[in-house]
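J.: Mind docking chain X on chain C? Use the hints.
The primary structure of each chain is shown beneath.
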Amino acid sequence: MTDPILQVENLKTYFYVQDGIIKAVDGISFSLAPGEVLGLVGESGSGKSMTCRSIMRVVPLPGRIVEGHIYYRGQDIMTWPESQMPSFRGSEISMILQEPMTALNPVLTVGEQIVETILQHENVSRGEAQVRAGELMQLVGIPSSERRLQEYPHQFSGGMRQRAMIAIALSCRPQVLLADEPTTALDVTIQDQIIRLVQGLQEELGMSVIWVTHDMGVVAQLCRRVAVMYAGRIVELAKVIELFENSRHPYTHGLMESIPTSVSREGRLVPIPGQPPNLLNLAPGCPFEPRCRYSVEECRTVDIPLRPVSREHFSACIRFEEIWH
Amino acid sequence: MNAQETSFQDNGQPLVQIRDLSKTFVLGASIIKRVLGRKPEYLRAVHKVNLDIYRSEALGLVGESGCGKTTLGRCLLRLYEPDEGQVLFDGQNFLAVEGAALRHMRSKVQVIFQDPYSSLNPRQKVNQALGEACLVHGICTPKEVQERVGYLLNTVGLGPDVSDRYPHELSGGQRQRIALARALAVEPEFIVADEPVSALDVSIQAQVVNLLMELQEQLNLTMLFITHDLRLVHYVSHRVAVMYLGSIVELGQSEGLFNNPLHPYSRALLAALPKIDPRDRAKVAAIQGEPPSPINIPTGCSFHPRCPIAVDQCHVDDPQLRQVGDGRLVACHLIHWGSL
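Which chain is which? The protein sequence lines are C and X, in order.
Going letter by letter, the first sequence gives residues 0 to 324 in numbering that gives the first Met the number 0.
Going letter by letter, the second sequence gives residues 0 to 339 in numbering that gives the first Met the number 0.
Just so you know, these hints were derived from the structure itself, not from any lab.
Don't take each hint at face value.
To be verified - Below, computed lysine-lysine pairings styled on BS3-like, alpha-carbon distance capped at 30 Å:
hint: 1; chain 1: C; residue 1: Lys-11; chain 2: C; residue 2: Lys-238
hint: 2; chain 1: X; residue 1: Lys-282; chain 2: C; residue 2: Lys-238
hint: 3; chain 1: X; residue 1: Lys-142; chain 2: X; residue 2: Lys-107
hint: 4; chain 1: X; residue 1: Lys-274; chain 2: C; residue 2: Lys-238
hint: 5; chain 1: X; residue 1: Lys-124; chain 2: X; residue 2: Lys-142
hint: 6; chain 1: X; residue 1: Lys-124; chain 2: X; residue 2: Lys-107
Just chain C, same shape as in the assembly (with noise of 0.2 Å):
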C-alpha cells in the first residue's frame, strides 16, 4: 500500500468552557490515502467538522488541540510553528464549506477573490493569475465566467456560490480538499450536480477528499472508506460496501435504520431512541451505550478502542463478535 497523504493520531480536540470541558473530538486516529475519498458521517455535535478544523489547525476558542499528532506526508504539521501554516492552507490542504455565503467576503467580487488567494500562495503576476481565475470558473461549471468574474457573492445562487468556493479552494492545486458538509443547504438536483462535479474533479487532478456529511446517501454515492463519528469518537470505520452491507456497530445500523429508503407508510422506520449525549462532562464507557439495544454492564465502565472486525475494517462495539458471527 502506498504511504497515507495524511495520517491522523490520537487527535483530542478539547473545549475548555465555565462548566468543564467538552471533548469535541476524544483520540480519533485514521489515515488518509492519495486520490482517497473518505466520508465522515455522524450526526450534529459528532465532532466531524472539529475534527476538519483540527487538521486545518483553525479551532476556534475556546477549544484547542490538546493531544495527538495530524501527519502530512510524513510531517507532523503539529509541530510547526503558526507562521508556517498559512502557506499550508490553501496550497496543500483546502476545505469547503456548507454556507458558501458566510465564507465568501459579500464586498469583493468573487474574481478578485479567487485571484487574491492565487497570488497569497503563488509568484505569478495579477494578469496570469486573472486567466487562471477564469479557467477555474468554467472548470466548476459556472456558465459565462468572465462576466461573472465581475460579480459579488449576492448575485450568485447558492449552487453557484458552492461552485465559486470550489473553484477558491482548487485555485493553488491542493492535494486534500476537506469537503464540510458543502451540499447540505442545497437543493437536491443541485446537491446532485455539485457531487458530480467534485467526484469528476477528484479523479482528474488526483486529489484526496474528505466529505463530510450525516447523508448516507451522498456517502454511498462518493465514498471508498467511510469513518462514522460518536459523541468525538470514531465508531467504525470500513469500506463504503462493506459498511452499508456488513456493519459491525450498532449506531451505524440505528443511522441506517432511521433513513427512509423508499419505504412507504407501510413500513415503520425504526428510530434511535433516546437523544445524543451531552458531551459536557461525558461519563466514561461507550457513549452510545445509554441508547443501545444491546448494551451490558461492562459498556458502561470500560473504554473501548477501535478495534480490527478484518483488516480493513474497525468497530469500536465490545460485542461485535458475539452480535454479528
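T.: Chain X only, in chain C's frame:
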C-alpha cells in the same frame, strides 16, 4: 394502494378544496424606488393551484426551495391572503370568514413550523404555551388546564416534568414535540406541517415523524406535509403533489408516483436523489441548470428550459394538470399527447 385511494375518496367531499389559488408578491415597491421611477417586480409564488385533500389523508407537497410550497401552505392558514382563488374548508369558504367565525375555523386548522426555536415563545413555559391555546379556544376551563396539559404532553411522548421548563431548556426533538402538542391542543381537523423535522438530526427525525404519523392515524387528522425531503415525503404521504415554480406538475398515489414518476421534472428530482447503495453509482448529474427565478417565469411550460424532451409547443403553451389514468394527474404536453 388502490384500496387506500378509494377509502380516502370514499370519505365523501374533500375536507380541504383549493380552487385556482394564486399568490404574487410585489417586490421593490418602496417609496424611494417609486420616486426614482423604478417599476416594482412581481414574484409569482403560487399560480392557479387546484388541489383536494381528503379526510384522514396525509398529502405530501414536495419541491425545491422557492417552488412555492411554503407559500401555498401559508395561504391555507391565511397567514398570507391569496390574490385569487378559494380555499373551501368542509365546504365553507375559509377566505371569506371574519371575526369570531374565523377564530373558530382557525382552531380547526393548525400548523407546525420547521424551526421550533422561533415558533415557540421563549418567555413562556411549556404549560403556559399549551394552556393558553386551550383557554383561548375554550377547549377547557381554567381548572382543567393542568390536567389537559398533562394529557397533551403524554400524547406526544413527554413526561409531566417538562411542563415547567422554557423552550431553551429542551432539545430540538422535545421542542418539536411541544410544537406538535401546541397544534393538537385545540383539537384541529387539519394540520399543515411545514418541514416539521428538517431541523432535526436523522435519529431524532425518525422518532418525531413516527409520532406525527401515529397521531395522525389515531386522531383521524388530515395533514398537508410540506418538505423538500423526497424520502420522507414518500414515507409519510398517501398521495404526493410535486411543485415547480408555483404550479403542481404531478399528483398521484405516493407509491405509484415514486415507482413510476411521469413528469420530466419528477423524474429528474427522483433521479437526483443520491441512492443509498454504494454499488449503484451515477457518473453524471441527473439534470443540468438551476430553477429560474420566480420573478422571471419562462413562458409556456415553466420547466421547458431545463426539460430534456421539450418541443416547440412547450415554449408557448402552459400545460394543464390533467388525469392520465389511475388517479394520476400530470401537467405535460408530451404525456397528454401520449408521446411518452
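J.: Look at each hint and say if it fits the structure.
T.: Outcome of the hint check:
1. C:Lys-11 x C:Lys-238: 24 Å, holds
2. X:Lys-282 x C:Lys-238: 20 Å, holds
3. X:Lys-142 x X:Lys-107: Since the Cα atoms of Lys-142 (chain X) and Lys-107 (chain X) sit roughly 23 Å apart, the hinted pair holds (cutoff 30 Å).
4. X:Lys-274 x C:Lys-238: Distance of about 17 Å is within 30 Å: holds.
5. X:Lys-124 x X:Lys-142: 18 Å, holds
6. X:Lys-124 x X:Lys-107: Status holds; Cα separation ~24 Å.
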